[in-house]
Amino acid sequence: MRIRCPHCGPRDNGEFSYLGDAAPIRPDGMEAPPAAMHDYVYLRDNPAGPHRELWYHGAGCRSWLVVDRDTRTHEITGVSSARDVALSRRTGEVA
Amino acid sequence: MRYSLLSVLGQALRGQRDWKPQWRDATPKTEYDAVIVGGGGHGLATAYYLAKEHGLTNIAVLEKSHVGSGNVGRNTTIVRSNYGLAGNIPFYERSMKLWEGLEQDINYNAMVSQRGVLNLYHSDAQRDAYARRGNAMRMAGIDAELLDREGVRGMVPFIDFHNARFPVKGGLLQRRGGTVRHDAVAWGYARAASDRGVDIVQNCAVTGIRRENGRVVGVETSRGFIRAKKVALSVAGSTSLLASMADLRLPIESHVLQAFVSEGVKPLIDTVMTFGAGHFYVSQSDKGGLVFGGDIDGYNSYAQRGNLATIEDVMEGGMALWPGLGRLRLLRHWGGIMDMSMDGSPIIDRTPVDGLYLNAGWCYGGFKATPAAGFCFAHLIARDKSHEDAAAYRLDRFATGHLIDEKGMGAQPNLH
Amino acid sequence: MTTITLRDTASPSGATPATTTGQGFRTATGGMIDRRRPLDFTFDGRRYSGFQGDTLASALLANGVRLVGRSFKYHRPRGILSAGSEEPNALVELRSGARREPNTRATVAELYEGLEASSQNRWPSLKYDALSVNALAAPVFAAGFYYKTFMWPAALWEKLYEPMIRRAAGLGRAAHAPDPDTYDKVFAFCDVLVIGAGPAGLAAALAAGRSGARVILVDEDHRMGGRLLADQREIAGRSGADWAADALAELESMPEVRILPRTTLFGVYDHGAYGAVERVGDHLAVPPAHAPRQRMWRITARQAILAAGAIERPHVFGGNDRPGVMLAGAVRTYLNRYGVLPGRTIAIFTSGDDGWRTMADVVAAGGQVAAVIDSRASVPAELRRAAEEAGAQVICDGYVTGTKGHLGLEAIEVVDTYGSRQTIACDCLAMANGWNPIVHLDSHLSRRPVWDEAIHAFVPGALPSGMVAVGAAGGAFTLASCLETGGRAGAAAASACGFAGAAPETPKTDPESIAHTPLWRVPVSKGKAFVDFQNDVAASDVELAHREGFRAVELLKRYTTLGMATDQGKTSNLAGLGIMAELTGQPVASVGTTMFRPPFTPVAIGAFAGHHRGKDFRATRHVPSHAWCEEQAAVFVETGLWLRPAYFPKPGESDWLETVNREVNTVRAHVGVCDVTTLGKIDIQGRDALALIERVCANPFGTLPVGKARYAVLLREDGFVLDDGTVARLGESHFVMTASTANAAKVMQHLEFCHQWLWPELDVQMVSVSEQWAQYAVAGPRARDTLCGIVDPGFDLSNEAFPFLACADVTVGGGIPARLFRISFSGELAYELAVPAAYGDAAWRAIMAAGSAYGITAYGSEALSVMRIEKGHAAGAEINGQTTARDIGLGGLLAKKKDYIGRLMKERPALVDPDRPILVGFRPVDRSQRLRAGARFLAIDAAPSLAADEGTMTSVAYSPSLGHWIGLGLIRRGPERHGTRVRAYDPVRDGDIEVEICSPVFVDPKEEKLRV
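Chains as they are written, first to last, in our numbering: chain A, 1 to 95; chain B, 10001 to 10416; chain C, 20001 to 21012.
Among these hints, one or two may not hold up.
Here chain B is said to cover these stretches of chain C; the calculated rule only asks that three of the stretch's residues, wherever they fall, bring their Cβ under 8 Å from a Cβ of chain B [unchecked claim]:
no., stretch
1, 20268-20274
2, 20602-20613
3, 20708-20718
Since the hints were derived computationally from the structure, they do not count as laboratory data.
Beta carbons are placed, not taken as given, at the ideal position from N, Cα and C, and that holds for glycine.
Isolated chain A, as found in the complex (with noise of 0.2 Å):
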C-alpha cells in the first residue's frame, strides 16, 4: 500500500503508523461528561466502504495524516495534513 504524504509524495506504507477513525473528536474541558469520552475514546463506526483516518509518518515527516480510504479496496482518494483538517474544523466551530 501506498500513502501520497502531503509533505513527501507517496511513500510505502510500512513508514506510517496508523491511529484509527478520525471521526470521533475528543470532549475538552472540565466540563465534558464522562459518557462522551466514553464514546471518544471506545466506540468506533468501523465502516465497511469510506473511512477518514489518522496515520503518523513517523519513518518520515512525522506528520499526523487525515487519509480517505476504502476499507474494502484500500483505496485511497485523499490525503490532507491532519493539522490543516483540525484547524480548519476550528474555524467552523468559531464560524
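Chain A is already provided as a structure; the job is to place chains B and C on it using the hints.
Same frame as chain A, now just chains B and C:
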C-alpha cells in the same frame, strides 16, 4: 452414520457409497426460537451446545456463504490457555478442557494435537512477565513451565542460539497447548448440531435486524424474513456491520491478520513456538507445511488480504529466530478479518437491544476459544445470564473500567 | 524450420557427439540447448549428462529417466507431467547439506555442472518404496477418512496416530542448518510492468518501450519467449523463436527498459505494488562470491500488463498419473526447446485441435506417433489425414480409459465410439485438454475470475485500474491475438503514463485453430483417475465430497485437499470444478473458483527476509559511551534497539551480583556515572509550549519557573499511565521533556498527535533530540566535586545556587554548550549532564577523569535498576500499561484543576476501586531468601487459586545497602498493610516464601542525601 474405524472400513468395501451429507443443508423455516448469525466455528459451536446443554433445537444457524467460510478456516490453528488475567484464565481453560474431549463428544476427529505452546523470552523483564503469567495459570490449576535457555534448546535445538540479535534466554511452555485442524472444527460442530436438529442454513445473508418496541423480532435475510425470539451475532470480522443494523456502535475495529503456510516437508518442529523479539510464530501441520503468522497489518480493513511490509516483517522474524528456514518456500499467504476490540479481549454479552446477543471482539484469539465461546454463548442465550467462565466479557466494561488488557496497550486495537 | 531427427541409440555412437552418451532420448540436432557445453549431474546418486540450457527435467528425460518421485498419500510412482512451474509431480530435493531444497520442481531447475538431486517421499528407494503399500489401502484412504477415525483411545493421537501421519506426510526434507546464502532486496519503480515474456508480453513491452516509457519486463524462465520457444510457429515469415530473439534484442537496446529473466512475479499488492523474486544464483552450484542467491524486487508500477500465459489441462482417467503421461504442450516443449523426445512411441489424447499440433511436431522430429485419440466426435478432416499419413491410428469420439506399466507407461487402454476397446503400446501419452489462462495474479487483489464459455475457461474479471491481461492470460489463445492484444495494451499503458505510444501493426502469423471441447473426466475409466496429482485427489474423492455435502468450491478444496499442494492446483483445480459441476448439474460458471493467493509459485522465506537476519535482524543503537564501555569489557544488554552496558566487571569479581553491588556501593558512598542517553528527549518551544505540557501531563506545571525541572507523569486517554519523565524549563518558552527508553518514540508520537490533531491552535513546535544529546547521570556524594572538574568555571554548582531540580544551560570543557539538570533516579546527590552527541565520548572520558580522584565508577543499567528499586521509583515493570497513577502511588501528584489527557477515564469505578493492587515494598521475612519478580501474592494460609490472588511482585533487586533482597509489587490495599506478611508464590520457579509488606522507599526515606 457414526464415524469409526469400522464404518470407514465398511465403506471402503462399498466404494464409500453410503456416506450421507455431514450436515443437512436446511431451507430456513419462517420462525425459530433463536437464530445464530454466522456459520463459523463459534456460531456452530453455540448451536451445538444450545441443543446439547440446553435442549433448544428449534434454532437455526444462518451463514451468508458456506459453513466455515470465515476465520475458522483462515487461522493458524493454535489452541492454548496461557493467559495471565483473571478475566481470561477460566474461560480459556474451559475451552482447553472442551478441546480435550471434543472429538469423542462430537464424533469427529479434529486432530487436537497437544504438542505444546512455547513462548520464547529474550530479556529478564520478559522472563518475569512470563513468570507472572505462568504463576497465575498454575494458581488456576493450568500447566505452565518456565524454561531456561537449555530447556528451550532441548525442545528446539535448531533455532539461533549463536548469532541472534535478541538472544533467546528461555521460554514459557504450556504442554497442553497445541493445534487443532481448523476446518474440521467447523464441520464437526455442524454435523453434531445438525444431528441434534439444528437447521444449518447456508447462502443466507442477514440484511437487517427487525425490532418492535425495542425488542428483536427477527432478521431480514437474502432468503426472506425469519422470525426469531432471540438473535445471536457470532460474526467476527463483520460484527460492527451487523450491530449497526440494530443501531449499535461497538468498541471494535475490523483489521486484517495475515497467515502463511510453507511447502510441506518432513517433520521439522513438533511444538508451537512464538518469537518474543519480533512478530513470528510457527507450528507444523500434520500435512507437513509450516504454518506461521505475525502481527496484524494494523489498519482497518474488510479486505481479506494484506500487504508486503507486514509479510516481510514476519519473514524477518522467522529468519532471525530460525535461520534454517531460508530455503524453505512460502506456499501461500492470506488474510482474515479480525474483530479487534479496544482492550484486546472478547465480548460475550447481551446488548442494549432486548433479544440481541453478542459474541464478538475476539481479536486474533478466536479459534482457540471456539468450544468455550459456543458453550458460554449458548448459556447466555438460553438463560439470559452470563456463564461464570465468561462473566468478565461484559460489553459495559469499557464504561466501568473492568478492562481485560493482557498486553496493556490501551484503547488502540491495532496494538493488541 | 529445423529438422530434428531422433538419434538412433542402436547405431554406433561414433557419428554423434560423445557428449550425448547415455542421452538416448536426445534428438541429434535442434533444440535451444548448447550441445558444446555438456553438464554432468546426479539423480539419486546416479550420474547422468545433459547440456547447458537443459532443465533437470529435460535432462532426465533425455536420459530416459521417467520415474522421478512418489506421490503424497499413495506413494504411487510419478514422472514429469509438465515443462513449467505448474509441475505437480516431478519434485526433488535439490543440492545437499545446508543448501538442500526440498520440493524443487525439476521442470524449472536449470541444469548446472555437478547438480545433485534426489527423489523424495520414498523409502528405501524410489523404485522400491515401502509405503507404496498405501496404494493397496486406497479404498480406505478416501478424502477425509481421517476425520472419521483415529479417535480412540484419545491419548493415542499424539503418541501414535499423529506421529505416524506426520512422518508419512510432508514431501522432501528441509535443510536443518542455517541457510548459508544471502538475499538482496531491490526497490524499483516503472511506468509499465510487463509480466511474462511470451509473444503477448514481448509485443506489449515493445510497444511500451518504443514510446520511451520506463518498462520492466519479467519472466520466470531463464530464456524469454514463452511458447515461442516451445512451439513451431512463424511470425512475419521467421520462426517464433527468432522473432522473440529479435524483440529481446530491440528491448535490450532501449535504455528505459529493464529485462529480468529468472524472475517470478509472485504477488500483486495494493496501490500498484508488486513482489517479484529473481533467482540470481540458483542456476549455479553456489552463488558467485558477493552475489546473493536471490533478489526480492518490490516493484511499484503505474501500469501492469499481465501476460503470464496459460496452463494446459490434463485429462482425468484411470492411471493418468503413470510416468510417461504428460501434457501435450510439455511434449512439444521438450522436443522443440530441449531436443528431447519424451518417448519412443507416443500416443496423443486430445479434446481439441491443439493436441494435433503435437503429432505434427513429433512426426517432424522423426518420432513415432502410435495413435491420436480425440474425444470429440467431429474432427477436421485435414487433421485426421495428416495423422493417417504419419502412420498413426486415429480414434475420434474415443477416450483413453486406462494405462498399463510398472514404474512407467507401457500401454494405454482406449475405447472408441462403438465401445470397442483396445490396448495400444506406447511409452508416452500426450494429453491436450485445453488451456487455462493464468488468472492467479489478477486475483490477488480479491478479484474473482469469470467463466468464458467461448474458450471453456476462467478469464480475468474486472481488473483494478492500471492492470490489464493480454494474450493467453487474457483468454486470447491464438498467436495472432497474443501479438495484437499485447501490442495494443503496451501502447495504451504507455499513453496512460503520458507517453505517445502507438499500437504496432500486428505481424502476420501462420494460421491455427483452437477449437476445443473440454472433457472434465473420461466417463468410463478404470482405476484411480487423478485430479490433483500431488495430493493424490482422485475423481472419486470429488464424488465423495459431493456425497457428503462439501459442494461449495472452498469446501471441496478443504475436504479433499484438492489444489492445496505445492502447485496450488495449477493443473488440477478446473478438473475438480468441472466434475463438481457435472455432479451438481450446474454450469462451471456457477460453481466458481477458489481464491488464488500469492505467491504465484512458492518463494524462499529467506528472500522475504533479505539481510534482516542474525545480528542484522534489527538495527543496533549504541550509546555515546559505547567505545569506552567496550574498552572496559562491559557486559551489554539488549534494550529495545539499544545495546546498553548492564554492568562493568572488574578483574577478580566472581559474578554479576558482586559487580553490581560494587557499583551501587560506590555510587552511594562516592560517585558513579551512567549513560542515560537512551532516554527520549523532546525539545518543546513556543508561546504555548507550557499549555501543551499542561494538557499532556497529569500533574500541574503552571508554577514551574525557568531554570527548574519537575517530575512528569503522562496518562493515556483511557486513564492508564503512558510514561513518566521530567520536564525542564530552560527558558520562558523552551522546555525539554524526557521519556523512558522504551516509550521514547511513543511519547513523541503522542505529543505530535496532541499538538497537530487535538490542539492545532497552540503555538508550539517540538522535535525529538534524543540522538542529538548524549546524557550522563553523575550520582553520589561526590557528584558535585566531579562536575566541578567538567563544568567551566564561573558556573556556581553550590547547593544554594543550583539546588535539587535546578536546570541550566552551561558550558563544559572550555566552551562546549551543555545542559545540566539536577535530577536523581538513584536518590543520591545527582546531576544529568547533556552534551551534544558529537562530544559524547569525550565528555564521558572527561567525567571519568574528573571523578577518578573521588573513586568514580561507571555503572550500568543493573545498578541503575537496583538503586531505583531501593528508592521505590516505578519503572517499566510497574508502568506496564495496566496500571493507573494511583496504582503506582502517584495519585497524590495529579492535578485537580486542569483538563489533561486521561483525566476523566481514570475515574471509572473499577479504576478507583480500593481493592485494586497498589505499589508497596516487600522484603523477605527470612532475609537470606531471594525474591523473584513475577511471583504472586497470597495470604499466608491461602490455598493457591485465582480467587486468592492478591497481586504481583513487579521488580526485585539485591540491595547492597540493606544486605538483602527487596522488591516492589502491586498488592490489594497495599499501603494499608505495611508490616503484614504474605506469601510470594512462584510455582514456575518452585518459589514460595513469606514476605513482609513495607514502604517502597528502602533507602534514605527522608531524602537527606538528595538535597545536600
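Status of each hint after checking the structure:
no., hint, in the structure
1, 20268-20274, "holds (count 3)"
2, 20602-20613, "holds (count 10)"
3, 20708-20718, "holds (count 3)"
In terms of the numbered hints stated before, the structure departs from none.
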